[in-house]
Amino acid sequence: MVYQEQIVISTKGNGDMHDLTDQVNQIVKKSGVRVGMVNVFNVGSTAAIGTIEFEPGLQRDLPDILNKLIPPSREYGHEQTWHDGNGHSHLQATWLGSEITVPVRDRRLVSGTWQQIFHLECDIKPRQRQIMVTVYGE
Amino acid sequence: MVYQEQIVISTKGNGDMHDLTDQVNQIVKKSGVRVGMVNVFNVGSTAAIGTIEFEPGLQRDLPDILNKLIPPSREYGHEQTWHDGNGHSHLQATWLGSEITVPVRDRRLVSGTWQQIFHLECDIKPRQRQIMVTVYGE
Amino acid sequence: MVYQEQIVISTKGNGDMHDLTDQVNQIVKKSGVRVGMVNVFNVGSTAAIGTIEFEPGLQRDLPDILNKLIPPSREYGHEQTWHDGNGHSHLQATWLGSEITVPVRDRRLVSGTWQQIFHLECDIKPRQRQIMVTVYGE
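Residue numbers (the numbering used here), protein chains in the order written: chain A, 1 to 138; chain B, 139 to 276; chain C, 277 to 414.
Hints in this document: simulated from the structure, not taken from any laboratory. Among the hints, a few may not be true.
Calculated cross-link-like contacts (lysine to aspartate or glutamate; reagent style EDC-like; alpha-carbon spacing at most 20 Å) [as the list claims (entries may be wrong)]:
#	chain 1	residue 1	chain 2	residue 2
1	B	Lys206	B	Glu143
2	C	Lys344	B	Asp202
3	B	Lys206	C	Asp340
4	A	Lys68	B	Glu213
5	C	Lys288	C	Glu351
6	A	Lys29	A	Asp16
7	B	Lys168	B	Glu143
8	C	Lys344	C	Glu414
9	B	Lys206	C	Glu414
10	A	Lys30	A	Asp64
11	A	Lys68	B	Glu217
12	B	Lys206	A	Asp64
13	B	Lys167	B	Glu276
14	C	Lys344	A	Asp16
15	B	Lys206	C	Asp292
16	C	Lys344	A	Glu138
17	A	Lys68	A	Glu5
18	A	Lys12	A	Asp106
19	A	Lys68	C	Glu355
20	B	Lys168	A	Glu138
21	A	Lys125	A	Glu5
22	C	Lys344	A	Asp64
23	A	Lys30	C	Glu414
24	A	Lys68	B	Asp154
25	A	Lys68	A	Asp22
26	A	Lys29	A	Glu79
Computed spacing ranges between beta-carbons, pair by pair [stated by the list, open to error]:
#	chain 1	residue 1	chain 2	residue 2	range
27	B	Lys263	A	Lys12	50 to 56 Å
28	B	Gln144	A	Asp19	21 to 27 Å
29	B	Met139	C	Gln282	18 to 24 Å
We put the beta carbon where it would ideally sit given N, CA and C, even for glycine.
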């Protein structure tokens, strides 16, 4: 069985994080899948998806470490194509990754109590984001 | 067809690596799936899953580079929530990722001879870890 | 339904990137799957798979940032096992990740207009690469 639904969110620009766990759990419930997995995929190349303990400290720490290791700069080659100042956004998103696949059991995500599915905006301005959620199983 | 089984391991703290390849292959064999894929997911937010050549050198190099780029420190915002000194553990695990999906063919993982599935403990103390393995296919 | 096919490419060594999007879309079309997802997995431990805007600037920026953060060196522990100078290749590939799972809808990848599936060679010499593509869904 496959069930697919889209989540749409509005972000505030670089470093803005959303907790998608409840919405994904609701989609899993609607799908009727008891055991299987669910893939959560950000459509677009300047935002990331993953798991984290979704608490205020780490919501600052994750964007901070990304901006430290892959800093904003006009020196990226990407500037020569687009001149839009978001080369670091692409690199941050690509390195963190655009999707995650999480197991499903008893009609729910199998994730830790302090392990949530996050969406991280890496682009420099607010964006509307489409996130495709695909559940498969029995 | 979906088959799901849990692996439990005991880790020794930050930088401890386990090779899960044989256990995952056994679960694939038990599942009866001939062609498809298998998802290997760490339940919890301070350990990572991925692929690597599982040899002693890289078992040191991977934790070393993580601790170099995302170093232990009391300066992370995460400290203000929990005061437990493992902010870097969360960031290391999130950046490396909590899961991997590997193709299955002829009832076995399709992975390179020198490509194993690893579990990396990023937390600062020994932990018992649940790893959910979900096989899907025909 | 599960459909599996291999892509073979020849790479030019560290930093060489290939856009796999068209080939993966062709395999999705051949599979007959209308809705589901597709897993793209690099067989081997020194190359990476992910999504990026596949344009000339980022094709330089991604290898550059990898070589800056995880630089070539003879100091890695991996050298003591193999003496082949590609410790950084393993670490780069493991950190970026060996696979991606992308949703399928209307017999096509659901990815952004500027979001392509890339293969990145992290090894130091040209390699022939096997990439396993597994489509599953209905």
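Hint check results:
1. B:Lys206 with B:Glu143: 35 Å, violated
2. C:Lys344 with B:Asp202: Cα-Cα ~16 Å, so holds.
3. B:Lys206 with C:Asp340: Holds, at roughly 18 Å.
4. A:Lys68 with B:Glu213: Between lysine 68 of chain A and glutamate 213 of chain B the Cα gap is close to 14 Å, so the pair holds against 20 Å.
5. C:Lys288 with C:Glu351: 24 Å, violated
6. A:Lys29 with A:Asp16: Violated, at roughly 27 Å.
7. B:Lys168 with B:Glu143: 10 Å, holds
8. C:Lys344 with C:Glu414: Status violated; Cα separation ~43 Å.
9. B:Lys206 with C:Glu414: 45 Å, violated
10. A:Lys30 with A:Asp64: 36 Å, violated
11. A:Lys68 with B:Glu217: 19 Å, holds
12. B:Lys206 with A:Asp64: The given pair, whose Cα atoms are some 16 Å apart, holds under the 20 Å limit.
13. B:Lys167 with B:Glu276: 12 Å, holds
14. C:Lys344 with A:Asp16: The given pair, whose Cα atoms are some 26 Å apart, is violated under the 20 Å limit.
15. B:Lys206 with C:Asp292: 26 Å, violated
16. C:Lys344 with A:Glu138: Judged against 20 Å, a Cα distance of about 45 Å means the pair is violated.
17. A:Lys68 with A:Glu5: 35 Å, violated
18. A:Lys12 with A:Asp106: 35 Å, violated
19. A:Lys68 with C:Glu355: Since the Cα atoms of lysine 68 of chain A and glutamate 355 of chain C sit roughly 29 Å apart, the hinted pair is violated (cutoff 20 Å).
20. B:Lys168 with A:Glu138: 18 Å, holds
21. A:Lys125 with A:Glu5: 26 Å, violated
22. C:Lys344 with A:Asp64: 18 Å, holds
23. A:Lys30 with C:Glu414: 18 Å, holds
24. A:Lys68 with B:Asp154: 26 Å, violated
25. A:Lys68 with A:Asp22: 30 Å, violated
26. A:Lys29 with A:Glu79: Distance of about 44 Å is beyond 20 Å: violated.
27. B:Lys263 with A:Lys12: 50 to 56 Å: 36 Å, violated
28. B:Gln144 with A:Asp19: 21 to 27 Å: Once the Cβ atoms are compared, 25 Å apart, the range 21 to 27 Å for aspartate 19 of chain A and glutamine 144 of chain B holds.
29. B:Met139 with C:Gln282: 18 to 24 Å: At roughly 22 Å between Cβ atoms, glutamine 282 of chain C and methionine 139 of chain B fall inside 18 to 24 Å, so the hint holds.
The structure does not agree with the numbered hints 1, 5, 6, 8, 9, 10, 14, 15, 16, 17, 18, 19, 21, 24, 25, 26, 27 stated previously, though it agrees with the rest.
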